[in-house]
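**Student:** Listed below are the residues making up each chain.
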Amino acid sequence: MTISIRSVEKKFGRYPALNHVDLEIADGELVALLGPSGSGKTTLLRTIAGLEFPDAGQVLFEGQDVTFASAAARRVGFVFQQYALFKHMTVARNIAFGLDVRKGKDKPPKAEIARRVEELLNLVELEGLGKRYPSQLSGGQRQRVALSRALAVQPSVLLLDEPFGALDATVRKSLRKELRRVHDATGVTTIFVTHDQEEALGLADRVAILNAGRIEQIGTPDEVHDNPATPFVCGFVGEANRFEGTVSGGRFTSGALSFAANGAGDGPAVAFVRPHDFALDDGGFEVRVVRAHVQGALTAVSATTADGRHIEISASRAEAARFAGAIKIAARRSHVYSL
Amino acid sequence: MLDDHPMTAETISARPRPSSANRGPRRPLFRRRSAIPGFGLTLGVTLTILSLIVLIPLSAVAIKASALSPGEFVAAAFSERALAAYRLTFGAAFVAAVINGVFGVLTTWALVRYEFPGKAVVNALVDLPFALPTAVAGIALATLYAPNGWVGQYLTPLGIKAAYNPIGVTIALIFIGLPFVVRTLEPVMRDLSADVEEAAASLGADRVATIARIILPALGPAWLTGFALAFARGVGEYGSVIFIAGNMPYKSEIAPLLIIIQLEQFEYANAAAIALVMLGVSFLMLLVINAIQAWSRRFV
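For the protein sequence lines, the chains are P and B, in the order given.
The first sequence begins at 99 in the working numbering and counts up by one.
The second sequence begins at 2 in the working numbering and counts up by one.
Wrong hints could be hidden among the right ones.
[What the hints assert, rightly or not] Quick partial rundown of chain B residues pointing at chain P, CB under 7 Å, derived from the structure:
#1 Gly150
#2 Pro188
#3 Asp192
#4 Asp196
#5 Val197
#6 Ala200
#7 Ser203
#8 Leu204
#9 Gly205
#10 Ala206
#11 Ala210
#12 Ile215
#13 Pro218
#14 Phe300
[What the hints assert, rightly or not] Restraint-style ranges between C-beta atoms, simulated for each label pair:
#15 P:Lys203 - B:Ile293: 34 to 44 Å
#16 P:Glu217 - B:Leu159: 53 to 63 Å
#17 B:Val122 - P:Gly126: 34 to 44 Å
#18 B:Val46 - P:Gln180: 32 to 42 Å
#19 P:Pro134 - B:Leu107: 34 to 44 Å
#20 B:Val123 - P:Ser168: 51 to 61 Å
Note that these hints are calculated values from the structure, not bench results.
None of these values were measured; they are calculated from a predicted model.
Glycine included, every Cβ here is placed at the ideal spot set by N, Cα and C.
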């Protein structure tokens, strides 16, 4: 199912939640909507679901205008952050609900529903828990039930609103893998909302980064990380040291710091340097090492510049062994944006 | 399962055995220590109050009734007149609780889910039966529903007699019981989260299916509590009923009134016998309702 969002606008009172949003999603894609809270990512997801309706613009499914169609008519599967399971129903009846409420000839026979429930329980590895009530399950198990309930109606698109937000780190990791596996097994177009960049970059085929109701950039995880289109994306995705200064003659200068401006025009600018893009360089600027600690194969180094600003550097453990006292470093790579 | 953490056994077996010389405080004999203080105090006060206010007076009823021989007891407690009074009392209380069960859900729905002008006034009106002297309510209802009353005059041509008969009793009990249902349902309905309804909608359920299969079942346990409270209140109600009931023996005489009549004739033991039967039936019904409730709460 291809999905097109065309200049969608949505206001809550006077506050614009979505501001001319355009987005094209290909069939079978797994897309993350990433952004800080209040960026409009959940509103966008709910607009795609038919739980929220835009003030202007269009939502198209497979070229068909569904802007004001109900959630049921769109055949979307929606997974909520707080699971939204039906507490008074067993797991099996929760999963069967979407098939059970169908009327007349659309309603599959009982045996068919039972078979489908069994199949979905297997898919999310909850075999044998069909008779339990949601209150008898752990958070991770509840979210899997919510996922299989959404999949039971064979949705044209699966939408997840911060699906792992309420879970602890270990469960979150394993459920992420599980979502990827379920997506690959079913091939259903999937969109999920998250504020966790690691989750978005690690799971999605493409990531759309939202800020203040606009899409700042959409691209593969590599693209948005390595070639951030805007200062916001650069600061939000991945770690980065941020400097304010000026560009003149192709170089960015901020106090004692200076490096190549990568084609930004003259004038005031903001620059970002990833911690791993700093390297020892006698032609660079001087910093004083404050603290270093091991981070897996790397060492994270905190340092201060001559004018007292804080810098985070990340280097291989071998290289970091030479980081002590006052050293000279340079930026191998930087992202400079004219203001 | 994902969130199981294996426990390490060494830490437990390596613990030194306590020597008898420096043993700490002894484990209490009949209860586990709890980190929440005040168990002894609160339970003690509870039992004292319950005994003084509830248990001792109620056992006095049983003791008083035991003055009768079995034959006399049956004659007093199961006379034709008493049986008719029980039927009316429990029947009217049940019907009133059912009606309150229906309108209570609608009233709560309107109060919880919508904003409308005058909502605070409606909210206060719901509580009025709690505070109003029941006799005042009874007189007001009787005046309204009497054949020449404001409401009664329009019912009479339709062949409906709404006062001085069992219908009048039921009307009084509906008035008395409504706030119990509304106030028990209110917090539960307020806690129903919108996303559960959105989930049902996204799965293809229409409004009717969502209400019938998601919202009402979720309210079930609270509804039963409200129903039980309204029913219990109706069984015990006296003040408002006697003004509208007409109090005709065998027809519109409630059991509490029968008890008063026996007392006025100084037949204390007979009054106690009737009271004992009411006590027993009420206790049994509340027990059954509680059992149903426990069953319906199995998923919480």
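**Student:** Determine which of the earlier numbered hints do not hold for this structure and return their numbers in increasing order.
**Tutor:** 1, 2, 3, 17 and 20
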